[in-house]
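Student: Take a look at the letters that make up each chain.
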Amino acid sequence: MAKFLKNRELLLVGAITVLLALITLRFPPFVAPANLARVYNDTSILIILALGQMAVILTRCIDLSMAANLALSGMVAAMLNAAFPGLPIPLIILAAITLGTALGMINGALVWKLDIPPIVVTLGTLTIYRGLIFLLSGGKWINAHQMSDAFKALPRDELVGFPVLSWLSLVMIGLIFLLMSRTALGRAFYAVGGNPHAAVYTGIDVGRTRFSAYCLSGALAGLSGYLWVSRYAVAYVDIAAGFELDIIAACVIGGISIAGGIGSVAGAVLGALFLGVIKNALPVINISPFAQMAISGMVIIIAVAVNARAERRKGRVILRKAEAV
Amino acid sequence: MAETHLTPRNIPDRLEGRGARLLKSWESLLFVVACLIFLGNSLASPYFLDPWNLSDATFNFTEKAMIAFAMALVIIAGEIDLSVASVIALASTAMGYAVQLGFDTPALVAIGLSVGLLCGAINGLLITGLGLPSIVVTIGTMSLFRGLSFIILGDQAFTGYPDSFSWFGQGYVWWVFSFEFTLFVVLAVVYGVVLHKTNFGRAVYAIGNNQTAALFSGIRVGRIKFILFLLTGLMAGLASICLTSRLGSTRPSIALGWELEVVTMVVLGGVNILGGSGTIPGVVLAALIMGMVTFGFGLLNVPGIVMSIFIGLLLISVIALPILWRRARHRLAH
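If you read the sequences in order, they're chains A and B.
According to the numbering used here, the stretch in the first sequence is residues 1 to 325, in order.
According to the numbering used here, the stretch in the second sequence is residues 1 to 334, in order.
Worth flagging that the hints you see were computed from the coordinates, not collected in a lab.
Please read these numbers as outputs of a predicted model, since none were measured by experiment.
Note that the Cβ used here is the ideal one computed from N, Cα and C, for glycine as well.
A portion of the hints provided could be inaccurate.
[Claimed, not checked] Negatives, chain A to chain B, calculated, CB over 10 Å: (1) 16; (2) 31; (3) 140; (4) 152; (5) 163; (6) 290.
[What the hints assert, rightly or not] Here are some, though not all, of the chain B residues that point toward chain A, as calculated from beta-carbon distances under 7 Å: (7) 130; (8) 309; (9) 319.
Put together the whole structure using the sequences plus the hints.
Tutor: What follows is the structure, given as structure tokens:
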């Protein structure tokens, strides 16, 4: 199994390399190290979000509300900064993460305590969170001039040659990797998704584990909310609209099975990078940025088809005909 | 969930009578709610009870309800189709493109319906042919279909639809009854008969309750699911014709977010999101309720995004309330 997983990540590395090679044919400067670092930086937020989504998908759930959560937390962070310019930035980040976690807890509690299907819960909270931004802001924008310099500077500041944003995503990758591979909770995510019944018998509380996964995705969405708003220096109702699909796409491309229990941190990161490379490459090779949506749709379908073929091989098929339906 | 299997189930010796079951059903609750909202609206706004006004109100839900009927069947069969709004966008873009090439109304209708069918066929093939989970496939095609309209249109819009084309979205069959509303009624009857009175309908329930058992009782599971996705695509094509004709223009962002409202409508109508149960009368009532609520809010000048909060809350609470109610009753009984 481990060998197989390694293969699938290698496959993705190969796909990204081929993609880069194709881009180089049309536009050689794209693969310059400085530019690749910029592409990574541009993908950082997607990577952080994909890590949270991965935890949720591993437990056989889905979180469609991440982008709305990001927008709401980001708006609150921006409003805090606009109202109290003296407030220290770490405090604002903490507020964004706390709010994001609280919003994730709402999702998690509905899934855990009321057994409502995750897709319905998050489809509902997606619109509710977006609507709350409108109620909170009155539909107004928070623009760059209303934000303090420190607020806007943090993700941009350079640390040993790379922006803080890049470093932050690297730290998150490391933390989530440790969480997934070295803690009971991380293993519980896999156990719950792999076989919920077996997980119950090994003493894992399935509902509570799912709740934790939603808290994690909420916290990461909250953090990304601050990062998004400060990086683009604007906050309004529709920021990151539709981004939930990109997050799920990154996970699906990264080989995280929507049926739960299968997936790795490396997969999620590579899936996000794959999308990031495409997104950054389209303008330089003269393809309309409008094509990006169709391409990510196509990539999701291809990725899920490839994943399904790979997953079908695992385990003993008892009812071949029934499973083939 | 594992715990639910452990609770003992009491099977009564005798089923309740038809009347008692009808009174206790989700549909009767919806009916009462619909009446209350109707009453509330007529008290809140003096303009509500005008027949032409009510006729205008129907445009709020007829297009979504057309898709909701087919979506109800898909969800009862245990699948979901999140690409419907994008199918509307693609079909509308195709029709707009055809207008630029000089095609007339009958051709436009044919193009709208065939694009819908084609999109449904693509979903169906991926889901039944390759055995992929419908939720991911339709998230993918949702992005793909709308993406194609973005490629074709960019930030432009197609306009200049022929005058005769506007009848589908703006025409009236008789007095205040619009073409869309008439179509809604006809489709409600057709889908009601298909789901509740035919072998096909029984097969849809059977698949939703236990796909393997359905297969072993000789139901062609793959074929029926394929037909259901075709139907959803066709309905999205039909809705696209009505919507495009009503708006008179096509932008790639047309019908953005409708998949949510359609699913909400179906779930509010009492269809189990996990498949296996639900009725068409329930969906019809849910459509009326959602239409009246949004229209009533509109008369009271409530902004659209606040309505969407309401729809989100509605979606979650209609599922949560019965669960909480059952639990409270369970606690009282023991």
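Student: Mind listing which of the numbered hints don't hold for this structure, in increasing order?
Tutor: 6
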